[in-house]
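Visitor: Residue numbers (our numbering), protein chains in the order written: chain A, 1 to 828; chain B, 829 to 989; chain C, 990 to 1256.
These are computed hints drawn from the structure, not numbers from a lab.
Beta carbons are placed, not taken as given, at the ideal position from N, Cα and C, and that holds for glycine.
Heads up, a few of these hints could be off.
[As the list claims (entries may be wrong)] Derived pair list, reagent style SDA-like, types lysine to any residue, alpha-carbon separation capped at 25 Å:
hint, chain 1, residue 1, chain 2, residue 2
1, A, K48, B, D850
2, A, K48, B, G957
3, A, K48, B, T955
4, A, K463, C, S1235
5, A, K463, B, R834
6, A, K815, C, D1130
7, A, K200, A, S160
8, A, K74, C, V1232
9, B, K985, A, P751
10, A, K48, B, D841
11, C, K1177, A, R461
12, C, K1177, A, K201
13, A, K201, A, R461
14, A, K815, C, D1108
15, A, K796, C, S1235
16, C, K1177, B, D866
17, C, K1177, A, D687
18, A, K463, C, E1252
19, A, K74, B, T955
20, A, K254, A, L402
21, A, K754, B, E845
22, C, K1177, B, T955
23, C, K1177, B, L865
[Stated by the list, open to error] Label pairs and their computed distance ranges (CB to CB):
hint, chain 1, residue 1, chain 2, residue 2, range
24, B, T830, C, K1190, 22 to 28 Å
25, A, K200, C, E1139, 50 to 56 Å
26, A, R69, C, S1050, 55 to 61 Å
27, B, E956, C, P1080, 22 to 28 Å
28, B, D887, A, T225, 47 to 53 Å
29, B, K985, C, Q1255, 54 to 60 Å
30, A, Q491, B, K985, 54 to 60 Å
31, A, K796, B, E953, 44 to 50 Å
32, B, E956, A, R792, 52 to 58 Å
33, C, H1046, B, H847, 24 to 30 Å
34, C, G1131, B, G903, 30 to 36 Å
35, A, W551, B, H847, 57 to 63 Å
36, B, D887, A, S73, 44 to 50 Å
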Amino acid sequence: MSETTVTPDRPVTVEETETAPGFIGVNVPRKEDRRLVQGEGVFVDDIKRHGMAYVHFVRSPYAHAAITRIDVSKAMEIDGVYGTLIGEEVAAETDPFFQIAPPPGGDLKDYALAVGKVRHVGEPVVAVAAATRELARDAAELVEVDYEPLETIVDPERASEPGAPQLHDEVPNNTIWQGNFDYGDYDAALAEADKVVRIKKLHFHRFSSTPLETSGAVVEYNRGTGQWTLHSNNQFPGFAIIMMAPALRVGMDKLRFVSQDIGGGFGNKICTHVQLVAMCLLARKLNRAVNWTEWRTDQHTANSHGNERVFLDVEVPVKADGTLLGFKARMIDDAGAYIRYEPLGCIIWAQVTPGVYRWRHIRVDFKQVCSNKSPCGPNRGYSRMQHLWFTERVIDIVAQELGLDPVEIRKKNYIRADEMPYETPNGCVYDSGDYERCLDEALKLIDYGSIEEKRRDAESRGKLLGVGIGSTLDSGTNNFGQSTLVNPELQFSGNNEVATVKLDIFGEIVVTLGTTPQGQSHETTAAQVVSDMLKVSPDDVNVRAGHDSYWNSHAGFSGTYASQFAVTGLGAVKGATEMLREQILKIGAAVLGAESTDEVELADGTVRRKDNPEAALPFMACGAIVNANNAVLPLELRDITLNCRYVYVPPHQLPDKERKYGNLTLTYANQIHACVVEVDPETGVYDIVEYGAVDDCGVRINPQIVEGQVQGATAQSIGAATHETFVYDEDGNLLTPNFYDYHVPHALDMPPMKTAYVESASPFTPLGAKGMGEGGGAGLSAVAAALQDALRGSGKPIVTTSSNPYHRVWELLQKPEESRQLVEVEER
Amino acid sequence: MTEPVRGLRIAVDVNGERHERDVEARRLLVHFLRDDLDLTGTHVGCDTGNCGACTVIVDGVALKSCMMLAVQADGSRIETVEGLAPDGELHPLQQAFSSFHALQCGYCTPGMLMSAKHLLDNNPEPTEGEIRRAIQGNICRCTGYVNIVEAIASAAKGGGK
Amino acid sequence: MLLAPVEYARPSTVQDAVRLLSTHDGARPLAGGQTLTNVMKARAAAPDVLVDLNELHELRSISSEGGGLELGAMATLNGVIRSSEVASARPIIAEVAAQIADVQVRNRGTVGGNICSNDPTNHLPPLVTALGATMTVLGSDGERTVPADEFFVGVYMTAVGPGELLTKITVPAADGAGDGFASVPIGKDGTCIVNAAATVKDGQARIVLGCVSATPVVLSAAPDEASVREAVQGAGLDPPSDVHASSDYRRHLAEIVAVRAVEGAQG
């Protein structure tokens, strides 16, 4: 069942060239490091091509405006400017992007450049290509664009009301999608309740993981073959190709995606297919390679924000003993000006409908609207994070209002370890987990027993101390069939990932992956799995760095996203290695005169007889036989190639569209965080003084790598909870467009962070591992809860937002009654 | 040079190798290194001088190369990440970063290493607080800094593994 | 992003620098570059000529005379932090410089640059005003001194006009005064939401508030909490509202940091 492993003082490291029995669960040093620490990684802007043009986008300064005139003639007069691209050309040469949404939301037209109208500040209007970066920038200033500003809509609550400015003619009331989710028997639960807690509004804010490397590409077009090669840092090429090929009116094979190193993605490099189409058109038009490197300001303004979501009229029936029976809520998701991965966010939250809790009666009215803000992308934690924050706020607010202990109420309502696998009210299956155990470990990490003493000490220094818990899940390995629950006409379902493992002529083991890692150490963990199975050292396993669709090591869903590599990617690696292993054993048996493969085994880079280890065939010999000497093999073994390709396909089923019911994800890692804050009541300034994060992602292939993900995800969550917010003014201007105002955690901002791990193996996956990496969102809940606890004595304000910078804390201190107006308890 | 010029022929020593190039006055040092000298290890991560991915050491001083003009580096000795392992043998900091899993995507790493080197060149036995202060100007989105701090501390103690 | 085309000169004498600044319209001095390059990247300013001051070594000197300090305008923040003269004469300057941004910025950023850019959220303008410093400005028609009270004239604007150069900042000896500084930054060593510098001498506090107006706001009060609060409340502050603080919140924070700066000056 569950086994607790507390982080060792120092990670266990295996020395280079050392062979140890079994590499799963060992901190093998990363293969990626050698090139990265020497600055020899290949990121997209490192790639140079002779005669390459640099592209700068002229972007809209307005959030909503008609384009009345574009004149590029002055820009074209500059020596060294190669050409431009405008919306009119894009509309003539491409078709609007395929939309996931059903009509009318899906009828909107989205092109690579603005056509006729702009709908968010920063929307690309004209692309200028020139010989140097500076010239492209200079030329862009000479492009003339006239706009007729239109009224803007930035408030998600008002976007769908009559009279609101309409972004897309095809989409009435700016409503992209709306659906009702009804599970259990909510009305009966309400009738049965002893108390009903009502919360008028909770708000999950806009932010994103802002990877340090911005989006970009070097795109080349081959006029002879009609093939585009895109060196890009797009992290989901499977999706990009499916979107781009129809738009460009070409077959999917005409788009070759190549990447080696990517400087962070966190979901924000999934929807760049839009800009990449503009690049493709320019590369073809100008007959030269084109480089686009996104500016930081543009990334913040116009690339990809995490979904903003408002939860309204929340109603929670509760029993006197603290059992929560269910909840009802209206949810409005603000997707920004265009929907590129949306409206999948309208269903993906349902992977974790009840969060970590056992309530069964749930009624949700979910609406997604568009607004004059940056389009959203599936930022780390995508859609589940928003919903899990909501459930955790509910627990915390209910506990406070009913005077219940926050630890006890969670333990009472958590799904129990002995209930796993657990089927949720909408048919998702949580594979394993021991939430109560994780909570206990988290509380130990922050020394929960001494909290009251610490509270008094803080008080003596004039500070208010608070402690908070955040519980969250990281669901992984999507069933893309869930897309049919937002659009029944779609033909997507299941999932897949590809790997090839081969033995070369000199006995070298070479692995290719379909994924596009941005720091998740795929090369290393893949090597661990292969070396474990073939009984060699990870140093003997060569994993090709990066992704190249030319390798044919990819499938429709290939990419790195959604916490799934340990399941899908490594599942594919395992499958391919098993095939290879079988083939090596067969050769060994044949050559060593054994009756069957049962009489031979792999050891030390050879295949050898079990009864006589001296009789051994090194891998190199196997490679040589198959590639250059295959007449020595019996005829029935001539189909052995030692080059094995495996497609991992998870056992997903088609969900029930009528009931919006079914298993939407394969695995559920979980995280329980706890934190302690100290608030200065004079200013609202606060510090996080203790932080504990417990993660359970099943079997850990490389514990040090898991720890790195936990630390990084937690840091992002702390940043989002404290200072990171994409704030808009009434006119749709983003007020935090760069790192100056959008303050992310620096080294001195980080609280002391302790971690611990529980391993609840998944019964559903090839290695018992679960995907992980998106669980940091628990920090948003833990910080909100800790602040609410700290401020208890100052009028019991309730924390209703995920963003809590100093000024927000100040507001809660000054006017607790304002937040209290948002909550009400009905005694029955 | 007392009259204004649009461009200049500059000579720089980068990692022990001398380079001479004609550059526009407006070219930033980071782009000079990346585009003119093909030393792409130094990275660009922002527009406002906040992220530190472009950190290099010029005449012994760590600075952000996106806030210096290439012409200002004329005659200077510049150290970039490419100079840390001249013969392929990793610098103790590079070894420590790997052992302690102080990098994930690797994008902030060159700048981080140069800040760390600058710290250890001037303060061989830094406290944790001093280490954090030394890398305060280097943003990392992947690691949460925990392992970076431990790696630098370990390299300072003579550990490289 | 990227700079517009610009011309560049690197004089080796102060006289040459002044000559260049006065003979070229649209010429601007380039000190540490920690502010100006970013402004030029955003193309919020596009000078025609950059006059690089980094070879004017005489402007880097830090000297102490009679307990006071003479800081060359090109003294770097790091230079100030490590200076034994500053440590003994007016250590608050080093303390505050150490709170600015990060190592890389402090290695290149200069006291003159921080003062002359006069961003309302900068640290040094309120500090030098509280200390009663005097700025020496050199132009083609000679040298003049401007007390700090008159030096900061508007957002990003100081008494240094086109064709002129700030050459040094003269800080009077402490002479029994205590100095303090308090701020509320966004994150550790980040941009200030509010800041305040205070000097307490002979039972009187001179308090200077930053971030609340176009230029530092000077107040006087007895050095006790109530008096300081009264002085701030009576100052009729109308601070800007932005993403980090509303006008009201900023006004409130100004009161708190003023009190803390005065406490620091006495502590």
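Visitor: Determine which of the earlier numbered hints do not hold for this structure and return their numbers in increasing order.
Guide: 2, 3, 5, 6, 8, 12, 13, 14, 16, 19, 20, 21, 23, 24, 29, 32 and 35
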